[in-house]
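Visitor: Each chain, letter by letter, is given below.
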Amino acid sequence: MVTGSIAFLHGTTRGQTSYLPAFMPLAVVPIKHRLLFETRGVFVEIITPRAGQSYKTQLGRNLNYLQLDYLANPHMTIIAGKFLTPFGTYNERLSPLWIGNFQDVPMIAGQGLNGSAGVGGEIKGSLFSNKTVAADYAAFYGANVHSTQFSSTHASGGRISFYFPASGFEVGASYDHMFRGTHQNIVGTHVWWEPHNVPLKYRSEYTHATNAQGYWFEVGYRLARSTAGENTWLGRVQPLFRMQQTFRMHPDGTDGLPGVNTQRVDFGLDYNLPHDARIITSYSRQFASTGNGNIWKTELVYRFAFPAWPGRAK
Amino acid sequence: MMRRWIVGGLAMCWLAAAVAEGPQPPAENSATPAKQAAQQTKAASTTMVTRGELKFQQNCSRCHNAPEELSPRISGTVVMHMRVRASLSEADAKAILQYLAP
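One line per chain: the protein sequences are A and B, in this order.
Mapping the first sequence onto the numbering used here, position 39 (from 1) lands on 39, and the numbers just tick up by one.
Mapping the second sequence onto the numbering used here, position 22 (from 1) lands on 22, and the numbers just tick up by one.
Derived by calculation from the structure, the hints in this document are not laboratory data.
Treat each hint with caution, since some may be false.
Said to hold, decoys possible - Here chain B is said to cover these stretches of chain A; the calculated rule only asks that three of the stretch's residues, wherever they fall, bring their Cβ under 8 Å from a Cβ of chain B:
#	stretch
1	114–128
2	133–147
3	302–309
Beta carbons are placed, not taken as given, at the ideal position from N, Cα and C, and that holds for glycine.
Just need the whole structure built from these sequences, with the hints factored in.
Guide: Structure below.
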C-alpha cells in the first residue's frame with residue numbers, strides 16, 4: 001500500500017514569508033500475517049522570496065521512519081529499524097501533514113524525542129482493552145548512530161497510556177533517559193479528552209527536563225453539532241485554540257527549544273473538504289524577552305491511499 | 001367451569017394476536033442447520049461491525065477523520081499498519097477490519 005499526503009504550505013513569521021510544497025509518502029508492505037515493513041519520508045521545497053531578487057529555494061528531505069514490525073502476539077509488536085520515538089503523543093499521532101490541526105509543531109513537542117526518531121528496537125502494544133479502560137505501552141532503546149538519514153541518540157524510555165472509553169478521557173506518562181551528554185531524564189505526561197456527545201477535542205502535553213520544561217494544550221470544536229452533520233459546509237468548519245509555554249532553566253543549544261521563556265497563543269480555523277482534503281489556517285502571537293511577533297500559516301493538504309500493485313481483495 | 005373460561009379466553013387472545021400480526025416467520029426449530037448457521041454467522045458479523053465501529057471511533061477517529069473511500073484491497077494493510085501505530089490489540093484490530101471491510 002502507498003499512502004501519504006501532498007501539501008502546499010505558506011507561512012509568514014515576523015514578516016518573513018516562505019512557501020513550502022511538501023510530499024510525505026508512506027509505504028506499507030505486509031509480509032505474511034505477522035511481518036510488516038513500513039517507511040515514511042518527507043520532501044519539502046522551501047521557497048523564500050528575496051527583495052529585488054529571484055526566489056531562494058532549498059530542498060529538504062527526511063526519512064521519518066523505516067522499520068520492520070513483528071506482530072509477536074495479540075498484545076505485543078516488536079519493531080526494529082528507525083522508529084518514531086514513543087514519547088508523548090504528538091510525534092506518533094499528529095505529525096503526519098494531514099492529521100495535525102496546526103501547521104506548526106508545539107514548541108515543547110521536540111523534548112524527549114531525541115530528534116524525533118531512534119535507531120534500534122522498540123516493543124509496543126495493548127496491555128488490555130475492555131469496556132471500562134484500555135491500556136497501551138511502548139518501550140524503546142536507541143543506539144548512538146551518526147548518519148545522514150539514520151542519526152540516533154543513545155537513549156532509552158517508554159510510555160504508558162490509559163484510555164477510558166465511556167468518558168473519552170485519556171491520560172498517560174512518558175519517560176526518556178539519555179545515556180550521553182548531560183544524561184538527562186525527561187518526563188512527560190499527556191491528557192486527551194474527547195466527549196462523545198460534543199464534537200470537542202482537547203489535547204495537551206507537559207514535559208519536564210533539567211534544561212527546560214513546558215506545555216501545550218489544544219482545543220478544537222467541529223461545528224457539526226449545531227448543523228445537520230459533519231458533511232455540511234458549516235459542519236466541516238473546525239475552530240481551534242492552542243496555548244503553549246516553554247520555560248528555560250539552563251541554556252542548551254542542542255534541544256531545539258527557544259533560548260528564553262516563550263509564550264504563544266494560536267488561533268486556528270480548519271476546513272475539512274470532501275475527498276480527504278483539508279485547509280489548515282492559523283494566526284499566532286508569540287511573546288518572548290527577545291521580541292514579540294506574529295505568525296500566519298496556511299496549508300492545503302490532500303491525503304491519498306491506494307494499492308501498490310494490482311491484486312485481489314483479501 | 002372457571003378453568004374452561006380461562007383456557008378459552010387465553011385461546012381467543014392468542015388467536016386475535018396471531019391474526020393481528022399476520023403470517024409469522026418460521027420458527028427457529030423448523031430451520032435447517034445450514035440456515036441456523038448462516039443466521040448465527042450474520043448475527044455475529046453484525047455484532048462485530050457494531051463493535052468495530054465503536055473501536056474505530058475510540059482509536060482512529062480521535063486523531064484523524066475517517067477516510068471517505070478505502071479500497072477493500074488495502075483495508076487489511078491499513079488495519080495492520082494502524083495496529084502498530086495505535087497499539088491496538090489483535091481483537092480490536094479484527095473488529096475494525098470487519099467494520100471497514102464487512
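Visitor: With a cut-off of 8 Å between beta carbons, are at least three residues of the stretch 114–128 of chain A near chain B?
Guide: holds (count 4)
Visitor: With a C-beta cutoff of 8 Å, work out whether three or more residues of the stretch 133–147 of chain A approach chain B closely enough for the coverage to hold.
Guide: With 4 residues closer than 8 Å to chain B, the stretch 133–147 of chain A meets the three-residue bar; holds.
Visitor: Mind checking, does the stretch 302–309 of chain A have 3 or more residues with a CB under 8 Å from chain B?
Guide: With 4 residues close enough to chain B, the hint holds.
Checked against the numbered hints given earlier, this structure breaks none of them.
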